[in-house]
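Engineer: One line per chain: the protein sequences are E and U, in this order. Counting in this note's numbering, the first sequence runs from 1 upward without gaps. Counting in this note's numbering, the second sequence runs from 1 upward without gaps.
It should be emphasised that the hints constitute simulated quantities derived from the structure, not laboratory data. Treat the hints with care, as some may be off.
As the list claims (entries may be wrong) - As a list, the in silico SDA-like pairs of lysine to any residue whose alpha-carbon atoms are at most 20 Å apart:
| no. | chain 1 | residue 1 | chain 2 | residue 2 |
| --- | --- | --- | --- | --- |
| 1 | E | LYS174 | U | LEU40 |
| 2 | E | LYS180 | U | VAL6 |
| 3 | U | LYS177 | U | GLY10 |
| 4 | U | LYS150 | U | HIS73 |
| 5 | E | LYS252 | E | SER229 |
| 6 | E | LYS174 | U | LYS177 |
| 7 | E | LYS140 | E | TRP173 |
| 8 | E | LYS245 | E | HIS211 |
| 9 | E | LYS140 | E | HIS211 |
| 10 | E | LYS252 | E | TYR141 |
| 11 | E | LYS165 | U | ALA125 |
| 12 | E | LYS68 | U | VAL6 |
| 13 | E | LYS252 | E | ARG144 |
| 14 | E | LYS165 | U | TYR181 |
| 15 | E | LYS311 | E | SER116 |
| 16 | E | LYS174 | U | PHE52 |
| 17 | E | LYS180 | U | PHE52 |
| 18 | E | LYS311 | E | VAL322 |
| 19 | E | LYS174 | U | HIS73 |
| 20 | U | LYS150 | U | LEU126 |
| 21 | E | LYS174 | U | VAL6 |
| 22 | E | LYS165 | U | TRP122 |
| 23 | E | LYS174 | U | ALA38 |
| 24 | E | LYS180 | U | LEU11 |
| 25 | E | LYS68 | U | ALA461 |
| 26 | E | LYS174 | U | SER44 |
| 27 | E | LYS174 | U | ILE47 |
| 28 | E | LYS174 | U | GLY10 |
| 29 | E | LYS174 | U | SER7 |
| 30 | E | LYS68 | U | SER312 |
| 31 | E | LYS174 | U | TRP45 |
| 32 | E | LYS146 | E | GLY248 |
| 33 | E | LYS245 | E | VAL132 |
What the hints assert, rightly or not - With beta-carbon atoms standing in for the labels, derived distance ranges:
| no. | chain 1 | residue 1 | chain 2 | residue 2 | range |
| --- | --- | --- | --- | --- | --- |
| 34 | U | ALA9 | E | ALA169 | 56 to 62 Å |
| 35 | E | HIS187 | U | SER364 | 40 to 46 Å |
| 36 | U | SER410 | E | ARG13 | 50 to 56 Å |
| 37 | E | LYS68 | U | GLY28 | 37 to 43 Å |
| 38 | U | SER410 | E | HIS187 | 43 to 49 Å |
The C-beta atom is built at its ideal place from N, Cα and C for all residues, glycine as well.
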Amino acid sequence: MHKGQPSFIFNSRRARRAWTLLLGVLSFLFALILVNLIAGWMQLSEDSLLRQNGVRAGGEASLVYDGKRAIDQQIYYHNLGNVVEEAKSADVLFLGNSRILCAMDPGVLESFSTESGVRFYNLGFGYDEGSVFAMRMIDKYRLRPKIVVVNCDKSFWENSSTAGKAALAGRAWKAWVDVKEFQLAWHLRRFVHRWIPKLVDPEKIAIWREHENGAWNLSVRDDRQATVSYVATESDDSLPSKYVKAVGRFRKAMELRGIQTVLTLVPSPMANATFAKQIARTSGMDLILVSSEEAFTSFDGDHLNDESSRKFTQLFLSQFEVKGYSEESR
Amino acid sequence: MSFASVSFAGLFLLVLVARCTLGSEKLGRSYFVVLLVASLVFYSWHIPQYLFLLLGISGLNYFVAGQLSAGPHGNRLARRWVALAVSGSLGTLAVFKYADFFLRGTGSVINQVSGADLVWGWEVALPIGISFYIFQSLSYVIDVYRGELKHRSSFAEFLLYVSFFPQLVAGPIVRAKDFFYQWPRRRQLCWPVVTEGCFQLIAGFFFKLVIADGLAALVDAYWGDRGAVHGIVGIGSLSLLFGGQIFADFAGYSMIARGLAYLLGFRLPLNFDAPYIAGSLQEFWRRWHISLSTWLRDYLYVPLGGNRHGRSRTMRNVFLVMLLGGLWHGAGVPFILWGAIHGLGLLMEKGLGVGGARPWKSFSQRIGWYVLTQCFVFLAWMVFRMESAGELVTMMGSALYGGIGLGALSVLALGGLYLMPICGLHVRRILEIEGLIGAPRSPEKAVWAGVMLVAILSSYAQGSAFIYFQF
Chain E
1 MHKGQPSFIF NSRRARRAWT LLLGVLSFLF ALILVNLIAG WMQLSEDSLL
51 RQNGVRAGGE ASLVYDGKRA IDQQIYYHNL GNVVEEAKSA DVLFLGNSRI
101 LCAMDPGVLE SFSTESGVRF YNLGFGYDEG SVFAMRMIDK YRLRPKIVVV
151 NCDKSFWENS STAGKAALAG RAWKAWVDVK EFQLAWHLRR FVHRWIPKLV
201 DPEKIAIWRE HENGAWNLSV RDDRQATVSY VATESDDSLP SKYVKAVGRF
251 RKAMELRGIQ TVLTLVPSPM ANATFAKQIA RTSGMDLILV SSEEAFTSFD
301 GDHLNDESSR KFTQLFLSQF EVKGYSEESR
Chain U
1 MSFASVSFAG LFLLVLVARC TLGSEKLGRS YFVVLLVASL VFYSWHIPQY
51 LFLLLGISGL NYFVAGQLSA GPHGNRLARR WVALAVSGSL GTLAVFKYAD
101 FFLRGTGSVI NQVSGADLVW GWEVALPIGI SFYIFQSLSY VIDVYRGELK
151 HRSSFAEFLL YVSFFPQLVA GPIVRAKDFF YQWPRRRQLC WPVVTEGCFQ
201 LIAGFFFKLV IADGLAALVD AYWGDRGAVH GIVGIGSLSL LFGGQIFADF
251 AGYSMIARGL AYLLGFRLPL NFDAPYIAGS LQEFWRRWHI SLSTWLRDYL
301 YVPLGGNRHG RSRTMRNVFL VMLLGGLWHG AGVPFILWGA IHGLGLLMEK
351 GLGVGGARPW KSFSQRIGWY VLTQCFVFLA WMVFRMESAG ELVTMMGSAL
401 YGGIGLGALS VLALGGLYLM PICGLHVRRI LEIEGLIGAP RSPEKAVWAG
451 VMLVAILSSY AQGSAFIYFQ F
């Protein structure tokens with residue numbers, strides 16, 4: 001063999017290409033084994049939501065949060081999959097952010113409904129969604145509940161969330177495409193992560209939303225448990241004008257549609273009881289607070305866990321009943 | 001439409017099928033139509049109405065270029081046509097990019113003077129990639145005006161040049177003469193093209209999804225807790241992490257763009273050439289966002305007089321170009337400050353006569369100046385990342401009076417894992433320049449591609465939009 005001439009195994013262009021391809025495949029497999037070993041050592045697979053099957057329970061539901069991105073504003077505002085249908089026949093709508101979605105236990109509400117005949121629907125939205133989005137939903141689908149129950153933390157009286165703004169500004173076909181893309185990406189990721197574990201930024205929460213009652217159905221792998229309660233500020237200064245305006249606008253809009261508004265407050269680090277009382281005093285709306293002596297636990301430091309949400313719902317409903325709202329909303 | 005989305009994967013797959021069938025040799029009218037339609041769909045995916053803006057800008061510049069090619073070069077009428085194209089294009093850019101900034105600034109002054117409490121501003125979604133396609137359209141008009149380019153007879157061809165989807169939203173800013181010459185050239189989808197294109201794609205996605213997004217999580221968390229950023233080490237760590245993030249993000253995008261274009265039969269210019277090995281600021285700007293640097297040089301610095309009218313005019317031109325380069329990134333004091341800082345740095349280098357790749361004779365001097373240059377570049381990134389000028393004061397106070405800030409080393413240690421591939425890329429480039437190793441060959445690329453593919457699939461972080469989409 002002459003100097004500089006390639007050896008026999010590389011003596012054709014096709015052979016060199018085959019060897020290069022083989023090298024790439026072997027590197028891929030080697031890296032794959034390494035990643036699996038690391039994941040096994042770190043015990044990541046057991047925690048991965050993407051590897052679990054059938055995390056949701058109950059009736060028909062849509063995936064609305066995949067650990068990366070929430071899509072329920074898009075689904076609801078554009079009524080994709082006819083999700084708003086049940087909300088149209090509800091007597092009581094819950095409005096607010098993710099805290100009220102986690103706080104109202106659908107099982108407890110259902111038992112109460114069976115006994116009292118009052119139909120509830122949870123129309124809260126994540127990402128600290130505000131009152132503007134809720135009003136737009138009520139108007140767009142001509143929702144006419146007898147009562148709306150508002151989780152009265154500050155975010156509800158502030159601007160719409162980014163997700164809410166995107167849903168309000170977007171077209172139905174774009175929302176449909178977004179949702180389909182979101183669902184496809186979820187299935188693709190679940191498929192890929194059967195063999196390739198996810199090492200970085202593991203999903204801690206995935207959420208399905210029940211079409212029947214609007215409740216969030218969470219699959220949680222979070223270990224930031226903490227006790228939560230109401231926060232009370234010492235000073236009882238007057239409300240800033242932006243909140244007064246927002247509350248006035250909302251109340252007027254509800255009154256025009258013949259809907260009564262009741263306020264409540266879900267315990268969380270954001271739940272300022274002083275602020276809620278100020279809102280109630282300013283607007284003349286009734287406020288249902290659960291006892292401040294009750295202890296509640298969150299799964300992530302902010303949202304109530306299953307046990308606490310059952311307790312909160314029971315306490316809320318008992319006052320709801322006592323104050324005669326269940327009679328009014330029938 | 002983001003490159004890292006399922007809808008883009010679907011669109012590209014369709015175009016690739018067209019490339020394998022209708023455009024197997026890259027020529028042919030039907031393949032051209034597929035590329036054009038795909039590019040317009042790609043652009044209108046975000047906000048469909050902005051497609052009319054793209055068509056309007058393209059139409060204006062194409063019309064002006066047509067007028068220029070019909071008449072004699074360089075006369076007063078031609079200059080007026082160019083002025084129309086420049087003012088129309090840059091005016092549109094100003095309206096979308098700077099009107100809100102201007103209104104807010106003016107409004108706050110009026111509010112302070114009058115004691116009113118009015119809300120000023122114009123909140124409008126910025127059309128993605130507007131700065132890029134306006135610069136491309138303008139370069140076409142100016143090249144035709146200068147007689148360096150022949151006006152294309154087909155508007156559709158010009159529209160494809162402006163809207164070609166691999167580079168539409170974040171560059172590289174391609175010159176018409178670098179694009180159109182490729183058009184009639186036959187280019188089959190053969191093995192070297194496929195492997196090189198795929199390698200660029202894998203490397204680009206690796207830098208974006210693993211490195212840039214991984215660093216973004218650290219930087220955002222650290223930045224969100226600015227009160228905790230103390231001392232020289234804290235600021236230094238944050239600047240290193242953000243410097244790594246912005247490089248991986250933008251260079252990653254450029255690699256993806258080049259890979260996509262290569263698979264479709266086109267070559268896009270190199271946009272990054274290991275900028276963090278630059279031994280001077282002048283060299284840094286020859287390696288960082290090369291297509292913008294050269295655009296500013298050819299269409300702004302040279303027409304301003306360049307270095308042809310004495311030292312003080314040169315200095316003025318350099319500073320002005322950098323200032324406008326900063327402003328190009330967006331309306332905001334931080335961007336202007338960032339441009340001004342780089343402008344001042346370049347003036348200092350010119351004053352000392354140390355610009356260029358080898359400004360010093362001795363090795364130790366070169367190393368010393370390199371370290372100084374890179375400290376300057378990384379600290380300037382902090383200004384770029386800021387949301388307001390007030391943050392600069394807070395951060396400087398923290399650097400001066402916040403102690404050493406050794407607590408930041410834990411964040412840097414984690415971020416160091418992400419910075420390693422960036423360091424590796426730069427070290428390899430140094431060895432290439434020094435002639436110690438050659439350009440990577442196919443077997444080496446195959447190994448890296450396999451490893452990076454697994455890294456992408458196992459270690460992609462929380463997805464975020466490309467930083468340069470907002471420019």
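Engineer: Any hints from earlier that this structure breaks? Give me their numbers in increasing order, please.
Structural biologist: Violated: hints 3, 5, 6, 8, 14, 17, 19, 20, 30, 34, 35 and 38.
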